[in-house]
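So you can see what is in the structure, the chains are spelled out below.
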Amino acid sequence: MFGNPMFARTILKLMIAYLIRRILYAIPILIGVNLLTFALFFVVNTPDDMARMQLGIKRVTPEAIEKWKQQRGYDKPLLLNSAASGAGKLTDTIFWQKSASMFVLDFGYSDDGRSIAREIAQRMGPSLAIALPTFLIGLVVYVSFALLMTLFRATALDIAGVALCVLLMSVSGLFYIIGGQFVVSKLWHLVPISGYDGGIGGFRFVVLPVVIGVIGSVGSSSRWYRTIFLEESGKDYVRTARAKGLSELRVLFSHVLKNAMIPILTGVVVVIPLLFMGSLLTESFFGIPGLGSYTIDAINAQDFSVVRAMVFLGSLLYIVGLILTDVSYTVVDPRVRLS
Amino acid sequence: MSFMPVILWSDALVFLLLAAGISGAWYVRRREHLLLPWRRVAQSATAMVSLAVLSLFFAVGLLDTLHYRVALPEKNGSASVYSPEVLSVFDKLVTPLRTQTEKTYSAPLAVTLHAKESISDAQGRVLRDYPRLRYGGAHLADVSQRDGDVLWRGFKGAMGGLVVGVLIAGITSLLRMQNLDGNNPPQSPLVRGNARTPPLTRGGWEGLAHLKKYIDSNYALIIAFIIIAALIGATASLASVYHVLGTDKVGQDVLYLSLKSIRTGLIIGTVTTLVTLPLALLLGIAAGYLRGWVDDVIQYVYTVLSSIPSVLLIAAAVLMMQVTIDTHPEWFDTAASRADLRLVFLCLILGMTSWTGLCRLLRGETLKLREQEYILAAQAFGVSTLGILARHIVPNVMHIILIALVMDFSALVLAEAVLSYVGVGVDPSMISFGTMINAARLEMGREPMVWWALAAAFGFMLALVLAANLFADAVRDAFDPRLNRSEGTA
Amino acid sequence: MMNNILDVSSLVTQLRNGARIVDDISFSIKAGETFALLGESGCGKSMTALSLLRLLPDGVVNAGGTAQLDGVNLFDLRERDMRNVRGGTAAMIFQEPALSLNPVMTVGQQIAEVLTLHQGLRGAAAQRRSVDLLDQVGIPDAARRMMEYPFQLSGGMKQRVMIAMALAGQPKLLIADEPTTALDVTIQAQVLQLLRDTQAASGMSLLLITHDLGVVAEMAHQVGVMYAGQIVEQASRAQLFARPLHPYTQKLFAALPGAMRRNQPLTAIPGNVPPLGSITQGCRFTPRCDRAWALCSEQTPGWTVLDGGRGVRCHLYQERGARSEDREKTPSPPTPLPQAGEGSSILDPRSSILEVSDLKVHFPIRKGILQRVVGQVKAVDGVSLEIPQGHTLALVGESGCGKTTLGKALLQLIPPTAGSVKFDGHELTGLAARELRTRRAAMQMVFQDPYASLNSKMRVAEVLEEGMAALNIGSNSKARQARLDILLDQVGLERTAKWRYPHEFSGGQRQRIAIARALAVSPRLLICDEPTSALDVSVQAQILNLLKSLQRELNLSYLFITHNLAVVEYIAHEVCVMYLGRIVERGTAEEVLRSPKHPYTRALLSAVPRIDGSGVERIKLEGDLPSPANPPQGCHFAPRCAHAGESCRAGYPPATSHSATHTVQCFLYGPDLN
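Chains as they are written, first to last, in our numbering: chain A, 626 to 964; chain B, 66 to 555; chain C, -15 to 658.
Bound-form chain A, shown alone:
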């Protein structure tokens, strides 16, 4: 199909135009997110309120509040600085310096004075080391399990599989982590309970979080894939494929799976960029120095700058995920690719 170079070039051109359009669509969304976080962090409660709470009711003095605000750069007007001149009216404000600056990935400093951007860069690696294998292994396990159930649909195997899924998804995620740590690390001493190490040596730290991560969502995910596969296999073209004399396995793999890719990609591709963010629970339980534990520490320490930065980063990655999803459609769905 791409043999014809002219044709391939046209397609490529269209794809690029499409991509640019999608990116342009994303900008207003990010502006919305930015405004929302600004409103949440600076309008719902004024910086004074935040200072008062963090300093504790008892130690509040006007001076202490001013000092707190000054340390963090919150001593400026919110939207419009009438005292400043020229562009400074807009730029010398909390909105410009704390919110709008995030568009250029300038996240400022955390309460303990470290650059948030640098911290993020350092912590993405460990987050990815857990999240990526969890995602990939999970995908293979869930899809295989779901295909198995679809192949044996309406038999005892399928019913037992669904029952297992419902049971597994009714268990709290915290249980998998606490139980897994207890059995594997404490009783069997197979791997360390928590910790992290780069390089090959880090493998022993990664195994348990990944396995628990995969098991943790086997119930809901497999059931979701099964629903998709079942819905596809009820369609007319599947009957046509059977009428051709194809075996049930061939029907499933070369017809159903191909069509099911469209709904699957919708749900799956969008989370790929979010893998950078890591998982809050897993990282905090296993002591992995990733973005998840960074976020949780910031929440517990009520470090608003970090939480704000993570909110913006999260939605940025989500929107990248949306764009990737659209691009992935063009790969699997000729109707999108060619029209």
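If you're looking for bench data, these hints aren't it; they were derived computationally from the structure. Just so you know, these numbers come straight off a predicted model, no measurement behind them. One thing to keep in mind: the hints can contain errors.
Stated by the list, open to error - Covered by chain B, according to a simulated footprint, are these stretches of chain C (three or more residues, beta-carbon under 8 Å):
1. 60 to 66
2. 80 to 90
3. 389 to 397
4. 439 to 445
To be verified - Here chain C is said to cover these stretches of chain A; the calculated rule only asks that three of the stretch's residues, wherever they fall, bring their Cβ under 8 Å from a Cβ of chain C:
5. 855 to 863
6. 947 to 953
Ideal placement from N, C-alpha and C gives every residue a C-beta, glycine not left out.
Following the hints, position chains B and C against chain A.
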């Protein structure tokens, strides 16, 4: 009176939901075509058993929602003063569980504390041993009598529960059977007057055969009911003199904590609906039906909201809420009302972050519906937009709403635990599965290990969520029009 | 018996709960012959076909009987061997070509799959063979089409690809399940021709499943008529069309609308097909049969073989001579109707109730980041028409010609782009919603799909009252209730129906409710958008009768939008033929249908399968309807027209008159060609 009823914010919302639920049920009861999918739910044995379990949880939650404050003993005729402690009817019912606290950890059904302590005996010698509990097994003269006593009391309680269960099941079966007979055939109310002899007055064998048939068709439910009754009996009998699930660090009864957690979980799972539902419904059908700029704006809003990872959005919002609450201590007269308002706000925040999914679904469905010919017919009559939305669109998206609500419930209950663990959940002073797990998670590392609080929290949560999931599945199967059925359409 | 390719005997197919969908069916197909299974929806004909290939959906099982295909007993085969039969010895094509092809595989891949499986062809060999097959089924530029995906093909092309796929395994038997039902009549003619040609070339047998007597007349050698899971009559085509024996078959013929029956009500079959498994004793047609007697409901009639090898399942023919006077009795011709409008001046402009002039509905095509308008879909492009009081104007055209859009634009459900719609002298376009509401009562619509046109959550009374309430008709609810009773009487439903919900009614009854809903506000014009195309023939007759009698009683005008020319012949006074957003020919029904002028009208008429087999000379129409977003230059029909000349491609032809009422927009009759 020596008490003052207290209606907390969450109580009010629960009552509101309850009223909505009852009036909804009343409305559906009188409409055969709306009743039809519920009949399908009723035919599923798993659904009915899970419903039985769920109603047990709901009963506990409801009793725990009727709050009051006790009057303090009056001092020389002045106006009555009420205790700052807000109690519930449930607290009153299980007063011993609430008040009989030990010193610290004790294992389930134990009669001694979990760790050795230095005790001075009658002679004043100090020795290290497991001290006896203040309440747990206090009636036993000797520790060694415990096993026999536990077995005997457990058995006695189970038998009592069994008998009560069988009696209740039998009576309801008879009553329902009679109802069914009297209403047959259901569509002709006129013949009810000269209905055939009710089965109770019919000849013995015939009546028995009839009863057997009824029991056969409902036997899963009846068995489940009797088992539950026996379980409750045994627990109740044991709980009067033991800590069935042990005690926690400060000596509180874990069974009491678990039961109290139910209300929190239920409120998170249901009250959130109150926020989600109107937003999603209103915006979803408005976007889908009106199209144009309304659609653009609504789509923009929910894309923005859903693009923020939900945990982060919730965390950010809860942090801000905490700032507001902390800086306004004057708003709250009791600790309970403070914790309660935080719970309500948490529901609000969860609702604000979770309406987008349902809204998107409803918008999509409305887009499909607006091309339906009956909508065109209404437009050709010049029916107003509001009339079309209310009469044609809303009733036809109801099934989606219902399915979404029951499916969301269990996810919310699970989310509460995670959020409370992360530190953005309910108030730390409020008893919930999340706070229980959070408090107990380090106890696994103690020597000797303390496992019962975690196990109890997870166990109760599993029972609640599993029942909710199974019930939700049955509801979805019964309501989803895409699952084709041969019956019901003719 | 030797040259039978398929022998089915005592086939039973049932639901898991025991309800029989197919009940004791036996038939045989000779090599090279076409056997048609004829029946209305829900009679079990598709399930019969799926049983043969063992492709039954979940929940339906084969519960007995044998099927010998080319000497092999299909029901004894292991699943693995059965797979060699499917797509090999016996291939199947389905009703919805749009859904039956895999949307994410190229046409070539889908054909090659069969070639690999059943012919052992791979790679280049499979490619070459696929191109041959596509050529063979008449797909132009086959080598390029191989690389395309189903969504790039038109409906007719998709069905051709399905046929090519079926032929790839060189089957001895082709099962075609309603192969042309989803297609337009001109495309249907192409596909039927293709099936006939292929059969002649390859000598395969064809099991044709259809509800359309016209298709049977064109295609079949042998016919089996199915009713409620059983074959009630079997005969050669000639025998059946000469003299149908079973009362059901007779009624089916009598229910067909057509010009000859214009002045009489159609013989509708009362009632509906019984639900599955509801009748276990006696003849299943008894409740609807006007010749049934006591025996019919007591004893199930056996299979009676009569002269000439034909057979019938009816007591009338079982006991020879028992009721011979009944046997020969054919349904008495119904009494003629007094006709409204007929004979009176046909187009008196002053009596026109609806006047439409130069109406246009264009939908903008938006593209790019800023959603700039880059083109227009001209769904309706300059239509003018008038409907006199008490008359029926039929708007005829194939799907996509804009006829439904026109109907909605008349009701102002879609705002017209330009032009005027005058009802009773009052302009409707551009009215504010409130002013428009005061005019709404006079013009109402009846929709195509009786299942989609009633809100299933409302009682019939609420459905009927909605319009009255919205338009303030009937002073109070009591007056409205009284009106409901009258309405239900008028459309032939029981008064108690108003307390029930739509799902309790059959398709025909629902359409009656929909008609009553429109009548509730006392309209003077009804726009009927394909009101019978979703209904079975016997029910269609009921609805047509109802519409005709309502017209007579209430002096209603109809705009009857349809693609079914037989219905047009039966019901219309005037006809407009629409092609790609414009009306190409108009005149009285007699003029347009008896002496069509426009080449498109002529092609359309010749494409309709006729049950008398007397088909007018067939005009083969090439290709498909072009896109209204990009209509051809000049006369829109020119690219498909055999008579097109230079001028046709240069400009749109002006209207030429052939009589006071008959005008055609075609250069063939223009001053410069004539």
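Here's how the hints hold up against the structure:
Residue count for the stretch 60 to 66 of chain C with a Cβ under 8 Å from a Cβ of chain B: 0. That is fewer than the three needed, and the coverage hint is violated. Check result for the stretch 80 to 90 of chain C against chain B: violated, 0 residues qualifying (beta carbon to beta carbon below 8 Å, three or more required). Using a Cβ-Cβ cut-off of 8 Å, 3 residues of the stretch 389 to 397 of chain C lie near chain B, which meets the minimum of three, so the contact claim holds. Check result for the stretch 439 to 445 of chain C against chain B: holds, 4 residues qualifying (beta carbon to beta carbon below 8 Å, three or more required).
Coverage of the stretch 855 to 863 of chain A by chain C holds. Counting CB-CB distances below 8 Å, 3 residues qualify, and the rule asks for three or more. Residues of the stretch 947 to 953 of chain A lying with their CB closer than 8 Å to a CB of chain C number 0, which falls below the three-residue condition for coverage.
Hints 1, 2 and 6, counting from the list given before, are not met by this structure.
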